[in-house]
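Number of protein chains: 2
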Amino acid sequence: MPEGRPLVVPDDGLTTRQRRNRPLVLLHTGDGKGKSTAAFGLAIRGWNQGWSVGVFQFVKSAKWRIGEQTVLERLGRLHEETGEGGPVAWHKMGAGWSWSRKEGTEADHAAAAAEGWAEIKRALAEQRHDLYVLDEFTYPLAWGWVDADDVAATLRERPGRQHVVVTGRRAAPQLVEVADLVTDMHKVKHPMDVGQKGQRGIEW
Amino acid sequence: MPEGRPLVVPDDGLTTRQRRNRPLVLLHTGDGKGKSTAAFGLAIRGWNQGWSVGVFQFVKSAKWRIGEQTVLERLGRLHEETGEGGPVAWHKMGAGWSWSRKEGTEADHAAAAAEGWAEIKRALAEQRHDLYVLDEFTYPLAWGWVDADDVAATLRERPGRQHVVVTGRRAAPQLVEVADLVTDMHKVKHPMDVGQKGQRGIEW
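Same order as they appear, the protein sequences are chains B and G. In terms of my numbering, the first sequence has 816 at position 62, counting the first letter as 1, and numbering is strictly consecutive. In terms of my numbering, the second sequence has 899 at position 145, counting the first letter as 1, and numbering is strictly consecutive.
The hints are simulated quantities; they were obtained by calculation from the structure and are not laboratory data. Take the hints with a grain of salt, since some may be wrong.
In silico PhoX-like pairs for lysine-lysine, Cα to Cα no more than 25 Å straight-line [as the list claims (entries may be wrong)]:
| id | chain 1 | residue 1 | chain 2 | residue 2 |
| --- | --- | --- | --- | --- |
| 1 | G | Lys941 | B | Lys943 |
| 2 | B | Lys943 | G | Lys943 |
| 3 | G | Lys943 | B | Lys941 |
Values in this document were obtained by computation on a predicted structure and should not be read as measured data.
Go ahead and model the full structure; you've got the sequences and the hints to work with.
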């Protein structure tokens, strides 16, 4: 919500409009709920602006399907049918590997994650989308499967006007550094603490 | 994401399924970005489950319209047309008052907020929706326009299976107490700190 005013007006030679329209890197991290949910909320906003939305989901399992995928893909079809909103591309990167590291070998997972990142780099170089959601992308960085310095440099030097949202716990310092906006979703209280498991509609 | 297991299994006489399906009160608070965005992300999930979604937005201005409203109302029409998802009702409560307290008299704002809460109470008593988003509802409580004890008692004793998400800064202690899940969205870094204003698609 644009509820505030900038604390400082920088001496960067840009007009307010130029500064306002600079593309952003957003990072949703922390141990609390809402990191991915807020990122997909932004994707919904972007769709409504007519933006091309690209989701790159570093999934727990290729079988995993969250409600947002169904809805965003439905909105993408609506765009094709009626011209409303923008196009949506949903990719499950490294399908078949699991961040829980319980399936496949670690080498398989690492190779799949590296290939996922290579695809994101190609998309950024081609300016394929206006908004990228790199969901749970912090994990392959934390595990050393994708080089955090390469990610930071690629995001810093990306061409054009491409917004990028990254979600996940344990964000690499390089990601925090390159991000324009960082929110830490902190768990104050969670039903699992008192024995309640996740449920449909709330957790997925 | 159902990534964890409960830390404890409570001795409450409920089966895992009964416990899992208990309706929740969720609270998104803190000074960071993502409180409302994550709440509307949950509304999208709820829609996908076929839930009746009721949004009660304690708006800055009646003229204010966020992308999520356009998209969720569009999804509501899609439900009417095709049966996909669930119905959506979007209410701007106390339209015309502003939480910035710059328009109207304080008495007007207080009366409008009280009427907004009375409508939410009626909806809860009638079990009108499966998911309620009470967006920026913390403010009328913080200003004493709506009684926090009444809100907590009403939420605690609500009938049936109704999930409620409340967003906003400075949540009353009674809200934190009644909530099953509380996430504090903490600002680590924000573009406004370095002179960049909010922009379309990101902030609204």
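Comparing the hints with the structure gives:
Note on Lys941/G and Lys943/B: the hinted pairing holds, with a Cα-Cα distance of about 19 Å set against a maximum of 25 Å. Distance restraint check for Lys943/B and Lys943/G: the Cα-Cα separation of roughly 24 Å lies within the 25 Å cut-off, and the hinted pair is therefore satisfied. Distance restraint check for Lys943/G and Lys941/B: the Cα-Cα separation of roughly 19 Å lies within the 25 Å cut-off, and the hinted pair is therefore satisfied.
Consistency note: the structure conflicts with none of the earlier hints.
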